[in-house]
Amino acid sequence: MAPDGSRGGLLERDPELAAAAHAVDELVAGAAADGPVRGGILVYRGEAGIGKTTLLDAIHRTARDRCTVLRARGGETLTSVPFHVTRQLLQPALDRFDEEDVRLLFGGHFDLLAPALGLAPPPPPSAAPADPQGVRDGLAKLLGRLADRLRDRPPVLLVDDAHWADAESLAWLDAFTRLRQDRRLPALVVLAHRPLPEGPQRTGVPAVLAALADRAVVTLGLHALTPGATAALARDTLGGHADEPFCRELWSVTSGNPYETVELLAKARDRMLEPVATSASLLRGLGAEARGGGLVARLEELGVGPTRLAWTIAVLGADSTPDLLALLTGTSGAQVAEHTELLRQARIVTTEADRQAQTEPTAGPGADTGTDPAATPATPTGRAAHLEFAHPLIASAVYGSMSPAARTAMHGRAAWALTEAGHGPAAVSRHLLEVHPDEDQDVVDQLRAAAVEHLAVGAPDAARRCLERALAEPPGPDSYARVLYELGCASLLTAPAATVRHLSSALDLPGLDDDLRIDATYRLAQALAHNNQLRDAARVLAAEAVRTPPGTDRRRLQAANFMYEGFQAAEEDGPGRSRRLADLTAHFTGADNSERALLTVRGFDAMMRGEPADEVVRLCDLALVDGIPARGLGWTDATWGFEIPALTGIAYAFSDRPDQAGILFTEAVRAFEISGWSGAHLAFAHTLLGLVHRRRGNLPRAQHYLEEGLRLADRVGNGLPVHWDTACLLVDTLVARGRTAEARSVADHYSFGPPWPDAIVLPDGPSILGRLLLAEGRVEEAVATLEAAAEALVGRGRHHIVWAPWPLDLARALAPTDPDRAAALAAEARTHAERIGTPTALGEALRCAALLADPPESRRLLTEAVAHLAASPSRYEEARARLDLARVTGSPEALAEATALATACGASLVTSDAVTARASSHPPE
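27 is the number of the first residue of the sequence shown in the numbering used here; add one for each residue after it.
Any given hint might turn out to be false.
Said to hold, decoys possible - Simulated restraints on C-beta separations:
#1 V572 - R228: 45 to 51 Å
#2 D504 - H858: 55 to 61 Å
#3 I654 - W442: 46 to 52 Å
#4 D349 - L542: 38 to 44 Å
#5 E126 - A379: 29 to 35 Å
#6 V572 - D349: 56 to 62 Å
#7 P601 - E860: 19 to 25 Å
#8 H858 - A233: 49 to 55 Å
#9 G577 - I654: 24 to 30 Å
#10 D504 - A314: 51 to 57 Å
#11 H449 - Q361: 20 to 26 Å
#12 A411 - D60: 35 to 41 Å
#13 D349 - D504: 35 to 41 Å
#14 A498 - R741: 30 to 36 Å
Since the hints were derived computationally from the structure, they do not count as laboratory data.
Glycine included, C-beta positions come from ideal geometry on N, C-alpha and C.
Construct the entire structure; sequences and hints are all you get.
Here is the structure:
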């Protein structure tokens, strides 16, 4: 604090100011040199009144001449407003650009991101909800591009009272600060907040603040003023004759809290209190007036008008503009101005001019007091300047001093006033959340509309709060089930257990029409599947399908039912389900999307069962229109989900049609990126592209996509289905490259192994784990794992030896100790390969059979295997077969050719599958 209370300087904050000055210097130096960026995160923590805001004011003054300073502040009553802090930071920065430049900064995602910043109205209610991860990532990239445009004055973001920031804004800042692994950012982010709760089990905002602090360049705790600093402050404020007993009592009363010290000294000066020992006893009484009940009493002394104005400001928060204040207090603009001045003189509220003055440099000889629009906080275009309390402690005290009835009533009036002023449902909703339930259907409708707006900007938690409050109103009997349905949809991916509860309740009540009932059932199944309850998902769909008349709706339910039954890692009658599915789709031609979806599920099931690949491809072709998903069955379609086109592509990939699969999966990445779906969906799309490259034998490219898939998935959560699939494919790819230790590291990091999830893994998880164990030389464990894979798959009639290569690897593992059983496994695998009919399956089966044959037969089988694999897209498998053949024949030319092909695939084939003694002992040519 300034010695005179004007906040022109600081006491005992040299380390904090030095850290900030150094960070600003680094940021500016990096930008000026056009070299590596040198921004980062600074965190200041301290109790209420410790001087965090004053410190940020000083940092503002330090940076304003060289940087673009953007400021925001969290609010105790504004934590439920999504992107409130984000808007404060970005709106003024974007206001300086014309419309064309703004759209360029948004990078093609204006329609997705602008509503979150209040720069465009939300999409229509019929639009699909925005992906929260996509919005966060898009806003993070927007800030990155903004920093590039402002490189001559790099941005400094100051966030005060970050403990009251909305969760969406903190998640955005968290995403932005994770953009670079070296923690160097193109901007300086300075956070000031109160101490976090102790303990490792932090959640929500404290958890994000802790994560930001972990990545900070420095985190500093602000301490109270010492007795010496308090005495200096007293003498500068009240005169040099302030004696030691007076100063000691001042420090005792305030405990060195800077805000309380300055307030108490201001009161002493107003009362013309002599700063001597005889007056020291009066300080404690004066200090009580600055806190809690004393402050409220002081406010009430100003009169009814100022008190009511202060209450209204406490309720309206950032919407405390003169017009709205006049409307809510029932006074004229002149009276609002008069009462505002009384509150200013009492140091209770501040105006925009007051706040601007706090960040101006102290005037002196030659000082430049002009304002630079690039360096000072601005009021966003179209918004009137608003009033704020002088300190959050005052705001809390005023808000808490209102009776619950008065507070609730004022929130109700605020909701009405904002609506009258043209604010949308989302802006009004924070007040409706605070009013008492009263069976008011208008309130229900407004909250439902607000939920739609929140979902449209990627704020599902805010939507959930609105719909939960709507249920408490409660809705009428005709709309109660619909609100439950909307609540279930809002929490579909963020809280699947809650979704299950809400949608189940909605389906048990009257009020859903046929279309909504079908959709509710479909989404309930999705939530159950997401919650690892595949069996329940299939059961719910089957039951509703029985009640639904024949036609498109029933086929939609049947497609999902068969899909979730097939996704289960274990089921009672897999062959029976496959027969029913085959019978149902036998005469389908792909006439509509329901037929196409069922044909897709049938094609995937046929592939898993090892049916002829030509039939699998025929079914997949029927499921598409001109080689691409039909309208309504696309990757981002909300009616059917992304699983349908994914299953089509996977079936193609394992039917030696990786080119068709690659077209579908490349479109998946494009569609997800355009729609801003940058979470698990985009991660899975990268995984699928990794699968395509693995099947083609481009192992480095496969590894690249799979590692990117894991990186994207890790940002969403842990133990997701996409983690299992991607880790499985990455382990398989690394083993193929000869990088066994890396494969083991991935397997351990992602707990790839038993206990297995209830859903199948892409490709078969136990088969790939057995392959890894064999590569590590852990033969007994590998045999046990592969036999478990056989037990799980054979009973279900799943015999695709490329998807689940357990018979090939088990035969190799058993060859030295049990050649007869190994030969039987190889023969059975060859039978299945001949049924599948793809060159890859045939070549792999023949290569395995060659391990157990006499040298002449081994050479013949390997020659045939090479011929098949050369005709396949599987370059890596061809390289392995050529290497085996070269070693059997002893041909240096063949060995060189095999090694060159393996190198082109990115594989290091230092070792080969052990051939039998009979094969390896054949004399070289």
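Between D349 and D504, does the C-beta distance stay in 35 to 41 Å?
-> Holds, since D349 and D504 (Cβ atoms, about 38 Å apart) stay within the stated range.
Given a hinted range of 51 to 57 Å, is it respected by the beta-carbon distance of D504 and A314?
-> The hint (51 to 57 Å, Cβ to Cβ) holds, given that D504 and A314 are roughly 55 Å apart.
So does E126 sit 29 to 35 Å from A379, Cβ to Cβ?
-> Check passed, 33 Å falls within 29 to 35 Å.
So does D504 sit 55 to 61 Å from H858, Cβ to Cβ?
-> holds (57 Å)
Evaluate the given range 46 to 52 Å for the C-beta pair formed by I654 and W442.
-> holds (51 Å)
For the range 24 to 30 Å, tell me whether the beta carbons of G577 and I654 fit it or not.
-> holds (25 Å)
Go ahead and decide if the range 30 to 36 Å is satisfied by the Cβ distance of A498 to R741.
-> Since the Cβ atoms of A498 and R741 sit about 34 Å apart, the hinted range of 30 to 36 Å holds.
May I ask you to test the hint 45 to 51 Å on the CB atoms belonging to V572 and R228?
-> holds (47 Å)
Hint says 56 to 62 Å; check whether the CB-CB distance for V572 and D349 agrees.
-> Holds, since V572 and D349 (Cβ atoms, about 59 Å apart) stay within the stated range.
Is it true that the C-beta distance of A411 to D60 lies inside 35 to 41 Å, as the hint says?
-> Holds - the Cβ-Cβ distance for A411 and D60, about 38 Å, lies within 35 to 41 Å.
For the pair P601 and E860, does the Cβ-Cβ distance stay inside 19 to 25 Å?
-> Holds, at about 20 Å.
Satisfaction of the hinted span 20 to 26 Å by the C-beta atoms belonging to H449 and Q361 | Hint holds: Cβ distance 23 Å, inside 20 to 26 Å.
Violated hints for the displayed structure: none, as all numbered hints are satisfied.
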